[in-house]
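Peer 1: Chain by chain, the residues run as shown.
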Amino acid sequence: MNHPMNPPVRGPRVPQVPPRLDAKQVGSLRQIENIAGQLDGEWTMMGGRCGLQEDFGAFRYQLAYAGLALALAHYHRLPNAPGVFKPIFQNLIRKMMHPGVWMYWHYVSQGGALTNGHLWGKVPALWDPVKKDNIMFSAYLTLLPLLYNYLFDDDRYAKPGALTMAINPLTFGDRMVFEYDQHSLSDTIYWQMVQNGYLGVACEPSCVFQICNQPSILAFRVEDFLKGTTRAQEVTEGYLKAWEEFGMLDAGAHFMVHVVTDLKVPIPNALPWLWSDAWLATMMHSWNPDFVHEHYPRMLEEFLIPGPEDTCAIRLWEPVDVRGVKTTADTADFGWAAVAAAELGDEKTLRGLLGHADRFMNPTWRDGGLYYPRNDTRYDEQGILRLVEPITSNTLLPFARLNVPSGLNTFYNRPWTRTHFAEPMLTEISNNVDVVEARFQPAGSELRFTLKARQDRSGDAEISISNVFEKGRGAWKLYRDGVESASGDDERVAGTADLRIERHADVMKLVASREAMSAYTLVWA
Amino acid sequence: MTFVTAKFDLIDHDGRPVTEMSFQGRWLLVYFGFTHCRVVCPRSLTRLSNVLDALAPELARTLQPLYISVDPKRDTPAVMREYLSMRYPRFLGLTGTEEQVAEAKEGFKVFSRPKPDPHDPANYDVPHTAITYLIDPAGAYATHWPETRSADDIVADLQARLRSPT
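Just so you know, the sequences run in chain order P and Z.
The working numbering numbers the first residue of the first sequence as 168 and each following residue consecutively.
The working numbering numbers the first residue of the second sequence as 36 and each following residue consecutively.
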C-alpha cells in the first residue's frame, strides 16, 4: 500500500475519536444491511417511480452509495470492526451483478436519450454492461470490489472472472457471460478515459457526465492504494485540462451537467437541479475540495427552504415535458443535499434536513433498520415537502448520518497503511448485537469496543477478535464495563463466569450474555 | 484483456512503410504528438531523450524510440525528419494518411482532437494523449508512463524491464 501524494485536504479536521454510533446511525447501517441481504431478484423497499432503471434512484445507485456509506462509516467510526461491514459489502456486490441492475443497458446503449436522440438507430444495442460507455454502472461495479479489497484486505474480487455477470434467458436469445475482475474493470474504464482525453467515459452513448465519472476517480484512487500506482493523479490532472474546453461550471454558475461529445455541446444545469450540484459537490470534494467550497454553497442557497424549529427542506424541480408528457424522476435532491452538507461540514443544513426527515417523512423501524417509506407526494396542502424516494431512504440519509465532515476527502487523502490491518479487530459479530464503538488505540495498546443488545434478537453475543495472539503483544486483560473479566497472554486465556473465551489460532472468540450495552476494553500490558 | 494492441501501418520519416512487425526483436518506446506542438511534445521528447541518454548504451540499443504524428495533414515525412533530426535525433518519426493515423491511434487508445489555436488564429492546435508506451520485442504492450512520471522513474522501470528476459 503506498502513501498518497498529499492532494488538498479541506474542511474541519476529523475528530480523533468520533462518538459511539447513536440509534439512528445504527438503524442506518441496519437498513443498508436489510436491503443488501435480500435474495437475488428481491428489491423490497427499493423500487422507485421509474421502472426502467434509468433514473438516479436506480438500484445501482442505491447499492453503490450504500457501499460508500459503509466504507466511510468503517473508516471513520468503527475502524476496528470490519465484521460489521464485510458481509454487507459482499451482498452489495452480489446484488450489483444481478441482471435486474444492468439489463437496462441493452436499451440505453442504442441512444435516443434527450440529448443523444440523433444516435437512435445509428449505434448498436449492447449487452455487455461494462465494455463500452455505461460509466453510470461500470464505475460502481469497479468501485465496490476495490473498496472491499482495500477495507477488508481481501482480494477475492481481483481473481480473473471473480466479477462475472451472466444471463441465460428462457424466452429469447442465448446465454451471455461477461467475465471481469476488479482490475480488468478498472483497466476498461481507464483506457476509455485515456481515449476520451480524460474528459470522462460516457454514460449513454456520447453523453459524458461530470458526476458519473467521479466514482471512477475514487475507484482509481483506491486501486492506487492497493497497487502503489498513480492513476487517480493522472486522471484528475487530465480531467481538469479536458473540462477547460467546456467549463466545469455553466453560465448560471452551476456545475456543468454533461457534454455531448460527438456534437461537442456542453449541457448546462438549466432548470436548475439541486441533485446535480449536490451530488457532484460531494464526490468532487474528495479530490478538488477548494473548487467545491468556492462554488457549491452559493448553488445551495437557491434551493434551501427554512422550516420550523431549525428544520429545512429544499425546492424540488418542476416536472419537465418529455415527448409531450409531463415527467419526473427519482433524482434524490433532498438526499443529495443532506449528503453534501455532511461531507462539506455544513452542520446547520445537515441538522435541518435530517430534522425535516424525522419530522415530516415518517421515520419507520423495521428489522432494526431505520427507513422513510416511499412517498410520491411532492408537497402536502401546507406546502411541506413530503417526497421520499427509496434511494434517499435506503442510502443517502444513511450516508449523511454515517459520514463525518470531510469524510470522503479524508478517506481519499489519508489511506490506511498495513499497520491498520495488523491491529486487533472484530471480524465476526453475531447479529443479535450492534457494535457502536470499535477502535484500537496504539498508544495505549487497547481495543475499545461497545456492544448494544438488539431488542428484536435473543441469545448470547458472540464476537471474534482477530490479531490477538500471534503478534507477540504479551499479557492482556479484558475489562467489561470497567470490571476485569478475563486475562491471558500470547498462549493462555482465562475467562470468568459470565464470559466464555476461546483461542482459535490468532482469534479470540468471546461469548457473553447480552446486556443493554456493554463497553469492553482489551488492554495489553 | 488487451486494451493496447500496438498495431500500426504507417510511413517513417524516410518514406519507408512500417508496421509494428518491422521492429520485431526490439523494444519500442512510442509517443504520439505533432511537430507544431508548442509545450507538451517538446517537454516530453526532451524528457524521453534524457531518459535514453541515461540508459547504458547496450540497453539503449535494444530500444527504438518512435514519434507518431496525430497531425498527418501537416506532418509529412519530410517535416517530421527535419523536426526530429534537429531536436530529438534518437526518435524515428512515423506518419501516414488520416485513416492510417486514426488506426494507429485506436491501437494505442490515443486521444487527439484538432481545435482552433488561440495563439495563432490562422492555425490549429491538436490536444493529444501524452502517454509514453513501451512495446516488447514481440510487439505486445508492456507498460506505459503518463506525463506525470518523472524521467528517473522511467529510467528505473526501463532498466528493470529491458534487462529481464522477455
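Please keep in mind that the hints were generated in silico from the structure rather than gathered at the bench.
For every residue, glycine included, the Cβ atom is placed at its ideal position computed from N, Cα and C.
Just to be clear, a hint being listed does not mean it is correct.
[As the list claims (entries may be wrong)] Subject to a maximum C-alpha distance of 25 Å in a straight line, what follows is the list of computed DSS-like cross-link-like pairs (lysine-lysine): (1) K326/P with K299/P; (2) K299/P with K42/Z; (3) K676/P with K394/P; (4) K431/P with K140/Z; (5) K394/P with K431/P; (6) K394/P with K289/P; (7) K299/P with K108/Z; (8) K42/Z with K140/Z; (9) K638/P with K253/P; (10) K289/P with K108/Z; (11) K408/P with K326/P; (12) K408/P with K299/P; (13) K289/P with K299/P; (14) K253/P with K326/P; (15) K289/P with K191/P; (16) K42/Z with K493/P; (17) K191/P with K298/P; (18) K431/P with K515/P; (19) K619/P with K191/P; (20) K431/P with K42/Z; (21) K140/Z with K150/Z; (22) K42/Z with K408/P; (23) K108/Z with K431/P; (24) K644/P with K619/P; (25) K326/P with K298/P; (26) K298/P with K150/Z; (27) K108/Z with K150/Z; (28) K253/P with K515/P; (29) K108/Z with K298/P; (30) K253/P with K394/P.
[Claimed, not checked] Where chain Z lies over chain P, by a calculated footprint (3+ residues, C-beta under 8 Å): (31) 286-292; (32) 347-355; (33) 362-370.
[As the list claims (entries may be wrong)] Beyond 12 Å from chain P on every Cβ pair, some chain Z residues (computed): (34) M36; (35) P52; (36) P77; (37) E93; (38) R122; (39) Y123; (40) S147.
Peer 1: All hints, please: hold or fail.
Peer 2: Cross-check of the supplied hints:
no.: 1; hint: K326/P with K299/P; result: holds, 22 Å
no.: 2; hint: K299/P with K42/Z; result: holds, 20 Å
no.: 3; hint: K676/P with K394/P; result: violated, 33 Å
no.: 4; hint: K431/P with K140/Z; result: holds, 20 Å
no.: 5; hint: K394/P with K431/P; result: violated, 35 Å
no.: 6; hint: K394/P with K289/P; result: violated, 40 Å
no.: 7; hint: K299/P with K108/Z; result: violated, 30 Å
no.: 8; hint: K42/Z with K140/Z; result: holds, 9 Å
no.: 9; hint: K638/P with K253/P; result: holds, 23 Å
no.: 10; hint: K289/P with K108/Z; result: violated, 29 Å
no.: 11; hint: K408/P with K326/P; result: violated, 35 Å
no.: 12; hint: K408/P with K299/P; result: holds, 23 Å
no.: 13; hint: K289/P with K299/P; result: holds, 16 Å
no.: 14; hint: K253/P with K326/P; result: holds, 18 Å
no.: 15; hint: K289/P with K191/P; result: violated, 50 Å
no.: 16; hint: K42/Z with K493/P; result: violated, 50 Å
no.: 17; hint: K191/P with K298/P; result: violated, 40 Å
no.: 18; hint: K431/P with K515/P; result: violated, 40 Å
no.: 19; hint: K619/P with K191/P; result: holds, 13 Å
no.: 20; hint: K431/P with K42/Z; result: violated, 29 Å
no.: 21; hint: K140/Z with K150/Z; result: holds, 18 Å
no.: 22; hint: K42/Z with K408/P; result: violated, 28 Å
no.: 23; hint: K108/Z with K431/P; result: holds, 22 Å
no.: 24; hint: K644/P with K619/P; result: holds, 21 Å
no.: 25; hint: K326/P with K298/P; result: holds, 18 Å
no.: 26; hint: K298/P with K150/Z; result: violated, 29 Å
no.: 27; hint: K108/Z with K150/Z; result: holds, 14 Å
no.: 28; hint: K253/P with K515/P; result: violated, 32 Å
no.: 29; hint: K108/Z with K298/P; result: violated, 32 Å
no.: 30; hint: K253/P with K394/P; result: holds, 21 Å
no.: 31; hint: 286-292; result: violated (count 0)
no.: 32; hint: 347-355; result: holds (count 3)
no.: 33; hint: 362-370; result: holds (count 4)
no.: 34; hint: M36; result: violated, 5 Å
no.: 35; hint: P52; result: holds, 26 Å
no.: 36; hint: P77; result: holds, 17 Å
no.: 37; hint: E93; result: holds, 29 Å
no.: 38; hint: R122; result: holds, 24 Å
no.: 39; hint: Y123; result: holds, 23 Å
no.: 40; hint: S147; result: violated, 8 Å
Checked against the numbered hints given earlier, this structure breaks hints 3, 5, 6, 7, 10, 11, 15, 16, 17, 18, 20, 22, 26, 28, 29, 31, 34, 40; the rest are met.
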